[in-house]
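Asks: Listed in order, the protein sequences are those of chains X and L.
Residue numbers in the first sequence follow the working numbering, run continuously in steps of one, and reach 248 at the last position.
Residue numbers in the second sequence follow the working numbering, run continuously in steps of one, and reach 197 at the last position.
Please keep in mind that the hints were generated in silico from the structure rather than gathered at the bench.
Quick caveat: nothing in here was measured; it's all calculated off a predicted structure.
Don't take every hint at face value.
Derived coverage of chain L by chain X (criterion: at least 3 residues anywhere in the stretch with Cβ under 8 Å from a Cβ of chain X; other residues may be distant) [stated by the list, open to error]:
1) 19 to 31
2) 46 to 54
3) 80 to 91
Here a beta-carbon is modelled for each residue, glycine too, at the ideal position from N, C-alpha and C.
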Amino acid sequence: METSRKEKKTNGWIHLDPRTKLLILVLFSVVVMIDVVDGPALIIRIIMTFIPVFLVCLEGKIHIGARFTVLYILGMWLQSYTQKHIDGVVGMFLLFLCYMIMQFAPTIIMVWYCISTTRISEFMAAMNRLHTPQGLAISIAVMMRFFPTLGEEYRYVRDAMRMRGIQFGGGKVSRMITYRMIPLLFSTISIGDELSAAAVTRGLGAPTRRTNVCEIGFHKKDFVIAIVMFVLTIFYVYFSLQKGNVIL
Amino acid sequence: MNEKKKLQARDFITIGIFTAILWIVQLVIMYMGYLSPFIVAGYAVMIPIVTGIPMMLYYARIEKFGMLTITSVIVAILLFIFGMGLAGTPITIGAGIGADLIARSGKYKSKVKTVLSYGFFSLWVSASYLPLVITADAYKESLLEGGYDASFIDTLFRIVTTKTYPIIIICCFVSGIIGAFIGKAVAKKNFEKAGIV
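Please work from the sequences and hints to get the whole structure.
Replies: This is how it looks when you write it as structure tokens:
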């Protein structure tokens, strides 16, 4: 325990509370809901997108921030290039790709940030403090941990397919789906069994209340960042309302 | 008896895993959507059919009330985070609870009830159309400004309107039932041999 605490301190300069991250995620879902193409709202949107990039760098994961920045700039450049020079089916496809990246950029970076910097036990501690039902908390925690695993397993399946030379499943849609899905399901089921065995040995099924060694708390930095994000969201909604966009 | 009916840690882990798979599969289908407006309209058919395979495996592991409900709550949260708003939340959670009740009436073993229950569960897909229907004008405008082809947008909004919304709901249900049958067949072919189901 002592070593893990030291590790946490040297790992980054700012370590936010998981609840702050959740709050930012909720605010971003409002931002993503409203489309903005130009004007002051777009500038606010870009600023809001790059705050988590900054935060993820401050937590010592500079490579994630760098990768996202490259992706974002590439998407922006490709979008303006495609609008001017490429049309037809290829143009539509590229536009769609850029649109998805630009539209969901805040959520993409935020989810990436949350998953890469929040430990599962920290997340559980935060959910406990928020009085979330334990079942829901466990399910979401397992899901969060499982997304990267799924990607990894998918890469193994793809490698195995390439080795046998059946990348495209013979061109049939049904085969393309089943060749990927069935092996993936087989491995996920065995991983699930292992996970539940591991969880039971750690006393997850016990009827008593679980304790947690993670120290989480709302500090000054959490307040500052939460307030900044909140104010920015209000401005964003205000400016896009002026333009007459409808919000739900 | 009461002990057995309560959800255990094992069940929560199963919920987490299968919800993750469900979400990833539907996200992949969503990503193909903007290629053509027909694919967007086809979500109602494609998502229930393709996710039928993992979901049937999931149903084979369900024995207690509440698992489908929790899945639908998580799906609703994810839909909110991915910018679909809160309008679809009641539909999603309602579909989950309804599916759970139907499956429970068959004690989670009856084949007919499982198929019906999955059809009902698939109604959540219709929730992701709601922002498209309700904010049609603003959405249209933003797509146009984003540089989309005008004909693409026209086709999309001719297919998905308030009038066709009930048809979309029925589509979800019917393709859910088809997806359940396909999923059952695939599970029988691949997983029963391996002794997993």
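Asks: Please flag the earlier hints that this structure goes against, numbers listed from lowest up.
Replies: none
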